[in-house]
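The whole structure should be built from the sequences, with the hints applied where relevant.
If you read the protein sequences in the order shown, they are chains A and B. Here the working numbering is used: the first residue of the first sequence is 1, the next is one more, and so on. Here the working numbering is used: the first residue of the second sequence is 1, the next is one more, and so on.
Worth flagging that the hints you see were computed from the coordinates, not collected in a lab. Ideal Cβ placement from N, Cα and C applies to all residues, glycine included. Please note: incorrect hints may appear among the correct ones.
[What the hints assert, rightly or not] Lysine-lysine pairs mimicking BS3-like chemistry, simulated, CA-CA at most 30 Å apart:
1) K191/A x K76/B
2) K76/B x K80/A
3) K323/A x K80/A
4) K159/A x K144/A
5) K76/B x K144/A
[Unchecked claim] Across the chosen pairs, the derived CB separations fall in these ranges:
6) R140/A x E133/B: 42 to 48 Å
7) A16/B x R140/A: 29 to 35 Å
8) D103/B x A234/A: 25 to 31 Å
9) E98/B x G51/A: 48 to 54 Å
10) T77/A x T134/B: 48 to 54 Å
11) V13/A x A16/B: 42 to 48 Å
12) A16/B x T77/A: 41 to 47 Å
13) R208/A x A116/B: 32 to 38 Å
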Amino acid sequence: MVGGARRILSSVVASQLDTHAKYGGVVPELASREHLRAIVPVVAEALAQAGCGYSGLGAVAVTSGPGLVGSLLVGLTFAKALSFAHNLPLIAVNHIEGHIHAVMLEAESTGRPVEFPALALVVSGGHTHLFEVREGPHYRLLGKTRDDAAGEAFDKVAKLLGFGYPGGPVIDRLAPHGDPHAVRFTLARMKGNPLDFSFSGLKTAVLRWTQQRDLTAEIEARRALLRSNPRPSAEDWLAVTPPATLGLLASFQRTVIEELLRRASVCAGQIAARSLLVSGGVACNSGLRAAARALPLACPVHFPSPGLSTDNAAMIAAAAFGKLERGELSDYALMARANLPLA
Amino acid sequence: MSARAVETGSEEETIALGREIGRSLGRRAVVLLTGELGAGKTTLAKGIIQGLGAASADDVTSPTFTLIHEFGGDTKVYHIDLYRIERLSEALSLGLEELLDRDAVVLVEWGERFPALWPASRVEVRLAARDDETRIVTVTGA
Numbered sequence: 001m002v003g004g005a006r007r008i009l010s011s012v013v014a015s016q017l018d019t020h021a022k023y024g025g026v027v028p029e030l031a032s033r034e035h036l037r038a039i040v041p042v043v044a045e046a047l048a049q050a051g052c053g054y055s056g057l058g059a060v061a062v063t064s065g066p067g068l069v070g071s072l073l074v075g076l077t078f079a080k081a082l083s084f085a086h087n088l089p090l091i092a093v094n095h096i097e098g099h100i101h102a103v104m105l106e107a108e109s110t111g112r113p114v115e116f117p118a119l120a121l122v123v124s125g126g127h128t129h130l131f132e133v134r135e136g137p138h139y140r141l142l143g144k145t146r147d148d149a150a151g152e153a154f155d156k157v158a159k160l161l162g163f164g165y166p167g168g169p170v171i172d173r174l175a176p177h178g179d180p181h182a183v184r185f186t187l188a189r190m191k192g193n194p195l196d197f198s199f200s201g202l203k204t205a206v207l208r209w210t211q212q213r214d215l216t217a218e219i220e221a222r223r224a225l226l227r228s229n230p231r232p233s234a235e236d237w238l239a240v241t242p243p244a245t246l247g248l249l250a251s252f253q254r255t256v257i258e259e260l261l262r263r264a265s266v267c268a269g270q271i272a273a274r275s276l277l278v279s280g281g282v283a284c285n286s287g288l289r290a291a292a293r294a295l296p297l298a299c300p301v302h303f304p305s306p307g308l309s310t311d312n313a314a315m316i317a318a319a320a321f322g323k324l325e326r327g328e329l330s331d332y333a334l335m336a337r338a339n340l341p342l343a
Numbered sequence: 001m002s003a004r005a006v007e008t009g010s011e012e013e014t015i016a017l018g019r020e021i022g023r024s025l026g027r028r029a030v031v032l033l034t035g036e037l038g039a040g041k042t043t044l045a046k047g048i049i050q051g052l053g054a055a056s057a058d059d060v061t062s063p064t065f066t067l068i069h070e071f072g073g074d075t076k077v078y079h080i081d082l083y084r085i086e087r088l089s090e091a092l093s094l095g096l097e098e099l100l101d102r103d104a105v106v107l108v109e110w111g112e113r114f115p116a117l118w119p120a121s122r123v124e125v126r127l128a129a130r131d132d133e134t135r136i137v138t139v140t141g142a
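This is the structure:
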């Protein structure tokens, strides 16, 4: 729930991360059955934490895409019912627009509002996009991944090396212990839009690196560690990860960050950005945060707090606020769109 | 069932082969794309989806995280990735049976782990990396 002064009143996320870790990458959060199970208690909890009932609501915001249709439909149907039963305006929000507004909301509440034009780097397990954001708001797509998302590359590399799921936080914690220049990845030059990303080649290069060595024993040691302790500490991991592998992790993370920020810098210059926003799950990566803050940019860099970096409903409400003011409301014909574009 | 093996020497050649496969498919087909991590399954899918006229190759990205991508107008294409799916019950909860009932081309990565899901009449494309660039692509059932 997001309130009057664009303040977060409550934010509840039904995360099945523990279930994920247990099964090494299970995905019930995307299955409609799990959404159906979670939606009523999650909404009730959000209302309770905000200390208000349905009668205290001014509007209902809902994600209409992009995403899995089955999961989107659960939210849409629930939101329509809520809107109809309590006579509340219904507002459709694009998931990616939500990620961008998570940063804008927090920037405003900390007294450093985002200035336009802004460059938004949305980087998560499923998305890697660069958007120009102008007042309105108007969005223009400047670049996107042509294969794997950055977060997906983190997850696949971690799984390959026996670090479990999700992969981003583990690699981020261990990267400072390795030599970031130990492995040089040669990435293929891309044809077409030079602002597009590609992480598939990097993932394959990591796979080749592991195939050229015998890592069976250390990978098995890490899997055994995960079986005995689902939440190992950095020290636990370091005990089963030799320097060569730490160097690989550090080099991999450095390469992903360089790929992201090189294009972001070019875009920021091209559009004369007055702010850079970084959002999505990968925005939690401390290496990315440090490197983005160290960029020689002419504008400030905004990150959301970790809780608002990953998927959440507060960001959808935040994006809906402006739409409510502008009267951009939806009717009950609103449909789920699996591949809804933002721009 | 006839099988043919083709060697591609670059990502572009793999996409070109995918276009050829895509053009040979009808409006309704199930294509399993198999091969280890980095073998080129999504790359081949780019070509197939382009060959079907459903999207440009650059707009086809990995569905690993999002599980299902939809493309197309007249010819609908569902690009599915079951890499993160561990159990048959999870695969079923994605509504795959319903998608398979539609007039659509269904491309599936990592689908070989759930053989019970797929119709007998299907195309199987196996990709194997010979080195950094070269891929051996074996097509069965086309």
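Evaluated hints:
no.: 1; hint: K191/A x K76/B; verdict: holds (27 Å)
no.: 2; hint: K76/B x K80/A; verdict: holds (28 Å)
no.: 3; hint: K323/A x K80/A; verdict: holds (17 Å)
no.: 4; hint: K159/A x K144/A; verdict: holds (24 Å)
no.: 5; hint: K76/B x K144/A; verdict: holds (23 Å)
no.: 6; hint: R140/A x E133/B: 42 to 48 Å; verdict: violated (35 Å)
no.: 7; hint: A16/B x R140/A: 29 to 35 Å; verdict: holds (31 Å)
no.: 8; hint: D103/B x A234/A: 25 to 31 Å; verdict: violated (52 Å)
no.: 9; hint: E98/B x G51/A: 48 to 54 Å; verdict: violated (41 Å)
no.: 10; hint: T77/A x T134/B: 48 to 54 Å; verdict: holds (49 Å)
no.: 11; hint: V13/A x A16/B: 42 to 48 Å; verdict: holds (44 Å)
no.: 12; hint: A16/B x T77/A: 41 to 47 Å; verdict: holds (43 Å)
no.: 13; hint: R208/A x A116/B: 32 to 38 Å; verdict: holds (33 Å)
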